[in-house]
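Following the hints, complete the assembly by docking chain R onto the known chain X.
2 protein chains.
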Amino acid sequence: MPEKAKNVAIVGAGLVGAGWAVVFARAGHKVKVYDASEATRLGLQAHLGASLEALNRHGLVTETPAAINTRIQIVETLPQAVADADYIQESVFEQLELKQAVSAEIEQAMASHAVVGSSTSGFSGSSFMANLTRRTQFLVVHPVNPPQVIPVVEIVPTPWTNPQVVGEVRSFMQAIGQVPVVLNKEIDGFILNRLQGALLDEAWKLFEEGYATAADIDATVSEGLGLRWAFMGPFETIDLNAPRGIEDYAQRFSGMYQRLASLRHEAGAWPKETIDRATAECRSTLPVEGLTARRQWRDERLMALIAHKKQQPKG
Amino acid sequence: MPEKAKNVAIVGAGLVGAGWAVVFARAGHKVKVYDASEATRLGLQAHLGASLEALNRHGLVTETPAAINTRIQIVETLPQAVADADYIQESVFEQLELKQAVSAEIEQAMASHAVVGSSTSGFSGSSFMANLTRRTQFLVVHPVNPPQVIPVVEIVPTPWTNPQVVGEVRSFMQAIGQVPVVLNKEIDGFILNRLQGALLDEAWKLFEEGYATAADIDATVSEGLGLRWAFMGPFETIDLNAPRGIEDYAQRFSGMYQRLASLRHEAGAWPKETIDRATAECRSTLPVEGLTARRQWRDERLMALIAHKKQQPKG
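Respectively, the protein sequence lines represent chains X and R. Mapping of the first sequence onto our numbering: position 58 corresponds to residue 58, and the numbering continues sequentially without gaps. Mapping of the second sequence onto our numbering: position 215 corresponds to residue 215, and the numbering continues sequentially without gaps.
This is chain X alone, in the form it adopts within the complex (with noise of 0.2 Å):
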């Protein structure tokens, strides 16, 4: 990959595509998108466009919109999208048959410099790059949606990505604007939906025993544990709530985590009498007619805390 890419490649743009081919046209990139479906390839133009008017209208863009969209543009086959790609950003549906053909299909039409990173969370690298020639130049790019919002973006090279490649791919994200972490090695469900589902876990088990309602759980996050969060992580928190740091923590408290770890019930499949009952307290407060304005609302939201925070002091 050339040290500042230039021409990026879409494959597959659904919610996810759409959203990688913002944020690469946005950060200065030629974007070339693709996706199989005639339907989602013309709907495409207008979903960018609203995509770029909501950034601008929170103040997360520095061109209009229309100056990011003119580098941007629909092709309707894949080796049109990669031939001339540095970079090409795979994210069609998770589907492990799929993912080995298009992967395959990539690897076929691209660059011999060019990397691929794909947008899977549900599958390991591995499982679907093994058998490609160039497999040194594959691994997993995970964003989290919507990745024209929402900045982190898991690394996750396969046993056979070249350590080089990584690293360019961590700079890359850098300069884009994303929050690149990399994984030294892969896991299932990376770091982000296994943090995410440990914390799940605990809150579906504190809902099934009756200790409190969904709502109530939910508040304990929005108006407690989550407000530190949207702007430092667990180690970080832990790091500043004892006089000398982690460590004095540690020594504080590991003793009462361990408690209620050993209290914590096994996790399993979450039970079907349970998921009815948050279903009901969840469709009291919110009809599922409302789910579509309430995620345009959360979208909304989340821009303007990204916005917010741009404005805030590093520390």
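Any given hint could turn out to be false.
You can't tell identical chains apart in this list, so a pair holds if it fits in one copy or across any two.
Said to hold, decoys possible - 25 Å max Cα-Cα, derived SDA-like pairs, lysine to any residue: (1) Lys314 / Ser171; (2) Lys205 / Arg259; (3) Lys314 / Leu286; (4) Lys30 / Asn145.
Hints in this document: simulated from the structure, not taken from any laboratory.
Just chain R now, with coordinates in the frame of chain X:
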């Protein structure tokens, strides 16, 4: 407790108790504050003034700090503080015998209608309220530090707490601008520390086994997961993350989370060598002398975030 509690007593005026004094006074109530330590009593006026000034700087009070401060009176004995109080908030050191002794002292001196909330996080209410004559009027009312900034309050009745008292305290907390969550029964760690513990244990394991640096695990939260959690809890998050809501989400992803949970290591003590390695990493970017300034930065960020949230549409 009268419908509009007017007289509040604070027993124990360290960081937590002093924060509570600000919370009640800011909401218009008269507050008498007692701490057994003369040094703490002598330093309290300056501490309260600084807290109120900081809130004022962020637009989080509607009166001048001086006007609010006139409602706070520092007194020299426990009976002076509690004798005419409608609501008493106990925030003495986390030491079981001390909690027992102080609760008994409060009970001796308080009015017959008074309600007593303990700020304890480490003990169950029943472990030190069981032998009180008026134990129906005692319960846990656990804030997050600093209470004048973080809204959530966990209300945990003992098996003897009068349910009407629970409802009154919930309403009172709401009326003073906090966000109460009610636990239906006691559990070690309540909700907040259990959720925090679940996430922390997973973070430590990922760090321990070398998947990523502490800084990268932190960034996964502060630049990803934690952004939503600053204004939505885990249940609302998943409710919005599948087309037909939480039930749909459970159907699509509970298998994945079960798989992640099955790979989860048994949580035990955090190993010393792992703590040492995390300490070395944390101290390499922030020397121990920098912790105080960083805590000030955190508190400023929290207040700015709360002010930001107040301006956002509730959806």
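Verification of the supplied hints:
no., hint, result
1, Lys314 / Ser171, "within (20 Å within a copy, 38 Å between copies)"
2, Lys205 / Arg259, "both (16 Å within a copy, 16 Å between copies)"
3, Lys314 / Leu286, "between (37 Å within a copy, 13 Å between copies)"
4, Lys30 / Asn145, "within (22 Å within a copy, 48 Å between copies)"
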